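Chains A and B supply the protein sequences, listed in that same order.
For the first sequence, position 183 (counting from the first letter as 1) is numbered 183 according to our numbering, and the numbering increases by one without interruption.
For the second sequence, position 256 (counting from the first letter as 1) is numbered 256 according to our numbering, and the numbering increases by one without interruption.
These are calculated hints, taken from the structure and not from any lab test.
There could be a bad hint or two in this list.
Stated by the list, open to error - Taking CB as the label site, the calculated pair distances span: (1) B:A244 <-> A:D164: 51 to 57 Å; (2) A:Y11 <-> B:G147: 54 to 60 Å; (3) A:G25 <-> B:A18: 29 to 35 Å; (4) B:A247 <-> A:G62: 46 to 52 Å; (5) A:H189 <-> B:A247: 41 to 47 Å; (6) B:L236 <-> A:A114: 34 to 40 Å; (7) A:G62 <-> B:Q96: 31 to 37 Å; (8) B:Q96 <-> A:D217: 40 to 46 Å; (9) B:L128 <-> A:A170: 47 to 53 Å; (10) A:E111 <-> B:G147: 49 to 55 Å; (11) B:L236 <-> A:G12: 30 to 36 Å; (12) B:T64 <-> A:V126: 54 to 60 Å.
Stated by the list, open to error - When the alpha-carbon atoms are kept at most 25 Å apart in a straight line, the in silico DMTMM-like pairs for lysine to aspartate or glutamate are as follows: (13) B:K95 <-> B:D176; (14) A:K128 <-> B:E92; (15) A:K128 <-> B:E197; (16) B:K95 <-> A:E81; (17) B:K260 <-> A:E230; (18) A:K128 <-> B:E30; (19) B:K95 <-> A:D92; (20) A:K135 <-> B:D36; (21) B:K95 <-> A:D87; (22) A:K135 <-> B:E92; (23) B:K260 <-> A:D87; (24) B:K260 <-> A:E81; (25) B:K260 <-> A:D18; (26) B:K260 <-> A:D54.
Please read all numbers here as calculations on a predicted model, not as lab measurements.
By construction, the Cβ of each residue, glycine as well, lies at the ideal position given by its N, Cα and C atoms.
Spelled out from the first residue to the last, the chains are:
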Amino acid sequence: MIDVDNVTKRYGPTLAVDAVSFHIGAGEIVGFLGPNGAGKSTLLKMISTWLEPDAGSIRIAGHDTRTAALAVRRSLGYLPEHNALYDGMRVDRFLAFVGAARGLSGAALRERMAWCIEGCRLEAVVHKRVHQCSKGYRQRIGVAASLIHDPPVIVLDEPTHGLDPLQVVAFRNFIQGLRKGRAILFSSHILSEVVGISERLLIIQHGRLLADARVADLQQQARERGEDIERVVLEIVRQKAPSREEVRA
Amino acid sequence: MSGATAAGSSDARVSLGAFVSGVRIVARRELGAYFDSAIAYVYTIGFVVLANSVFMQEFFLTGTADMTSYFQRMPLLLAIFLPAVTMRLWAEERKQRTIELLLTLPIVPLQAVCGKFVAALLLYALFLAGSLPIVVMLAVLGSPDLGLIAAGYVGLIALGSLLLALGLFLSALSADQIVAFVATAFCAFALVLLGNERVVAVLDGLAPKLAAGTLLAESISVGPPYETFVAGSVELSALVFFGAFTAVFLWLCAHALQHKRA
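Kindly produce the complete structure, drawing on both the sequences and the hints.
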């Protein structure tokens, strides 16, 4: 459902994403791991149609982001990097606005709003204005807005940012409950979060995809070596990360 | 620097019904934002008090049941007030980063632009509605030419549309509201003053062979076409002038949003 084919993106002289390819099918939850500035958000922005690739192509639920951007956006639930929300709006009105913009109305909109409010545990703030909500609530409001239209493809940029440990566990369970029939891609720079939520890992650094591995395989390797999974991931990064000269080039 | 997105993509052409629906949804949110904050109340009260008090002062001096002086003074007032309405429309979206949320919804940029334009136009209509008590007062006290007054209001709506569209476009180019306000106010004053006889004379005097003042007054100044409305005549050429400039600025705004991304 998410097909990224040889995608490259430059910001002036800086190569932000370098010939990245991967495929994510229905029913998969994939974690996108990399340090700050690795190119995660740039790639997710291209998937969301906010940016256009310089080279390569991206297809979401069969629609090309260049030639069918509106169809892509209809199929996609997207939480942007900074989770910017309209601070002055009430939470319920904000969700209603996003739902309406995504083509929902009447009973269908009310039903989806109720589902999102319950799933993201927003009952306590639903009549408050967004700026009155805590960081954790803001993050959940952003996730709720991205799910309001029941999209088959979900892309979340740092969804656990600002959540406390208990909220992360609740989020993990919530996302895993959405797995059926959906492709879910989320980014993080915290390995334990990615391992806890997803079953597949994409590791990116300096814009290059270093590894596309199943979490279970990495855990198996770690067990065989008697090390923890962080060490295994670090080993992959050390082996495959481009040299400074390659990055400059 | 940034990549254009889906600007000319094949599915960017939406049906009229879907286009209007998207415009309505964005406009409703924008209007809500005006009234959720103090913006709508402060601007409306400020505008109505200022515009009406200036008119009333003149009314007591002349004692005629006529709104011509009101309509004549409005362009300079609009050149200050309307940039204050539009300055936040895109600059704030950029600053708060909500622009990414808005423009990754299944709407084309022109829908978002038109939605914000409609909301600003409705707020401006509220400004103008604050002058309706003057019309009622004149009708009670004398026999005003209602056709002349109606033409003046058509002129105000046409001029306001152009200035709002200009402000939207300049707001889309800036992440700073103050910059957007100053740029729009400067351009608005230029468009208004280029039609002033003294400004035309000065500019013509600078380069007599070129007659730049006359050329600018006849081509881009809002003064001459607006004056036709104030004189009581709703001319097609004036409507086309304001409509065309409004449409061009709205289109430029959508174009800027498609290409100015980071």
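Check: Straight-line Cα separation of K260 of chain B and E230 of chain A no greater than 25 Å?
Finding: With a Cα-Cα distance of about 39 Å, the restraint between K260 of chain B and E230 of chain A is violated, given a limit of 25 Å.
Quick check on a hinted range of 47 to 53 Å for L128 of chain B and A170 of chain A, using CB atoms only. Holds: the Cβ-Cβ distance is about 51 Å, inside 47 to 53 Å.
- Pair hint K260 of chain B and E81 of chain A, alpha-carbon separation not exceeding 25 Å: holds (18 Å)
Check the hint pairing K128 of chain A with E30 of chain B against an upper bound of 25 Å on the C-alpha distance. Holds, at about 18 Å.
_Check the hint pairing K128 of chain A with E92 of chain B against an upper bound of 25 Å on the C-alpha distance._
holds (21 Å)
>> Quick check: does the Cβ-Cβ distance between G62 of chain A and Q96 of chain B fall within 31 to 37 Å?
In response: holds (33 Å)
**OP:** Could you tell me whether the CB distance from T64 of chain B to V126 of chain A stays inside 54 to 60 Å?
**Re:** holds (57 Å)
- Using the Cβ atoms, figure out if G25 of chain A sits within 29 to 35 Å of A18 of chain B. Roughly 30 Å apart at Cβ, these two residues keep to the hinted range, so it holds.
Check whether the Cα positions of K260 of chain B and D18 of chain A lie no farther apart than 25 Å. Distance ~22 Å between K260 of chain B and D18 of chain A Cα, so the pair holds.
Q) Has the hinted range 54 to 60 Å been met by the Cβ atoms of Y11 of chain A and G147 of chain B? A) holds (58 Å)
- Query: Does E197 of chain B lie within 25 Å of K128 of chain A when you go C-alpha to C-alpha?
  - Reply: Violated, because 55 Å separates the two Cα atoms, which is more than 25 Å.
Subject >> Outcome for the supplied range 30 to 36 Å, where the beta carbon pair is L236 of chain B and G12 of chain A >> reply: For L236 of chain B and G12 of chain A the Cβ distance comes to about 48 Å; the hint is violated.
Of the numbered hints stated above, those contradicted by the structure are hints 4, 6, 11, 15, 17, listed in ascending order.
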